[in-house]
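> First to last, the protein sequences are chains F and H.
Using the working numbering, you'd call the opening residue of the first sequence number 25 and step up by one each time.
Using the working numbering, you'd call the opening residue of the second sequence number 25 and step up by one each time.
Keep in mind that the hints were calculated from the coordinates and are not lab data.
Zero decoy hints are in this set.
The list treats identical chains as one, so a pair stands whether inside a single copy or across any two.
Each computed DSSO-like pair below joins lysine-lysine, with the alpha-carbon atoms no more than 27 Å apart: (1) K43 / K266; (2) K256 / K142; (3) K137 / K109; (4) K157 / K98; (5) K115 / K92; (6) K266 / K137; (7) K47 / K109.
As the structure is a computational prediction, the values presented were derived from the model and not from experiment.
Protein chains: 2
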Amino acid sequence: MRYLMTFAYDGTNFSGYQKQPDKRTIQEVIENCLTKLNGNIPVSLHASGRTDAHVHAYAQKAHFDLEKDVDVNKLCASLHQMLPKDIYVEKIEEVDSNFHARFHVLAKEYIYKINIGKYNPFEREYVYQYNQKLDVSEIMSALHNLEGTHNFKAFTKMDEEKESYERTIYKAEIKVDEANSDILIFSFLGTGFMRYMVRNMVGTLIEVGGGKREVKDIVAILESEDRCQAGKTAPPEGLYLKKVYYENL
Amino acid sequence: MRYLMTFAYDGTNFSGYQKQPDKRTIQEVIENCLTKLNGNIPVSLHASGRTDAHVHAYAQKAHFDLEKDVDVNKLCASLHQMLPKDIYVEKIEEVDSNFHARFHVLAKEYIYKINIGKYNPFEREYVYQYNQKLDVSEIMSALHNLEGTHNFKAFTKMDEEKESYERTIYKAEIKVDEANSDILIFSFLGTGFMRYMVRNMVGTLIEVGGGKREVKDIVAILESEDRCQAGKTAPPEGLYLKKVYYENL
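Next up, chain F with everything else stripped away, as it sits in the complex (with noise of 0.2 Å):
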């Protein structure tokens, strides 16, 4: 039986979702929970993707195959009380047994949170402290340009080997926070994200706000396939993994 997880996670505290050696990391800690749950009979977990470390998600989603027919209600209570306080399993659900976490997504939507106004300790690790003005209708203009399909190769990881750095990006806006306007919300809405995307385009655009680049620039630096064209890369703490979308889920 194939069964798929909707998790949210504080990444404060972890070494990002995969699994490392001598690490704290929020695959291991949840496929302890399950393989003990399953009598120790080892379970993996296949996510949507991989987060980084101190990156946040809200619904990240990832599938486990267990012998046995469980009830998927009475499997999320016990997780919940066996599952350290910054991981919180929202829902199991039966799939097929050709469902496949990773291999079909469809859509993937991230967000990046950022403080304009002034240091708030309570958000150190949930906001990007900026603590800076920025121009949020260049940011609107440069966001455009990202939007479609493009080669983002000077957006990924330095040295990241794909065999296709093309990806989709159906949506990619600004807002402010509702509850606080000192907060600039970002989201993206893509086919997929590679290692560092979100958080490069996320950096560059901040240039972009803060007048140190063109609104032009982006379409440069897309063109050039080359990571040092772009900008820094955002600390993590302000991204969260918002949604994952399948066919029929």
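Fit chain H to the supplied structure of chain F, relying on the hints for placement.
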């Protein structure tokens, strides 16, 4: 020269405000920075009052003395650079040499945040994750019984020795957070609050809102002057010192 500092802190990783051997405390961290900036001549911080471990402050106040006249904006900037990210000094101002941050307090406001919706891992250190419904109108009625001048011994830490347990609460309210309807915010404005007093009132009010106690029990609890009559102490992470009031400041 006497200076008054206004500062915020995230209490999560502190063993409370007050210095204690071998513990990370807000007082010690700030005093160490001030002492360094004062050419290693020790500086003592006198706060409006303590806060317990994991309790937060939006605007704690403390005074300290320096032999020389300093540029308060520069001092503020230097502190911002030296202090860890969970403390933020908002403002430093020169005050009269007779001013005392504790003795001259006119009133204080505390707020307490509680989540009555589903568990939220991002709020676990900032909002009490009660995660069950509460009857807000019952709590509102009970809050009225706490307003005024009363002997609050029943709501104070067991065995707390005080000359007087009489305090005045000017305003005791509850409202729904504007940004998130799952979050309720209690607020208490009063002449002063003894140890655990706000958390014991909130813990008792939660029992009223959960149907375990009646509104009128509040009066009986106050009259009993017996800590055992009140409810459980609500956890510290929902509590914030919001404002300290002084005359002419």
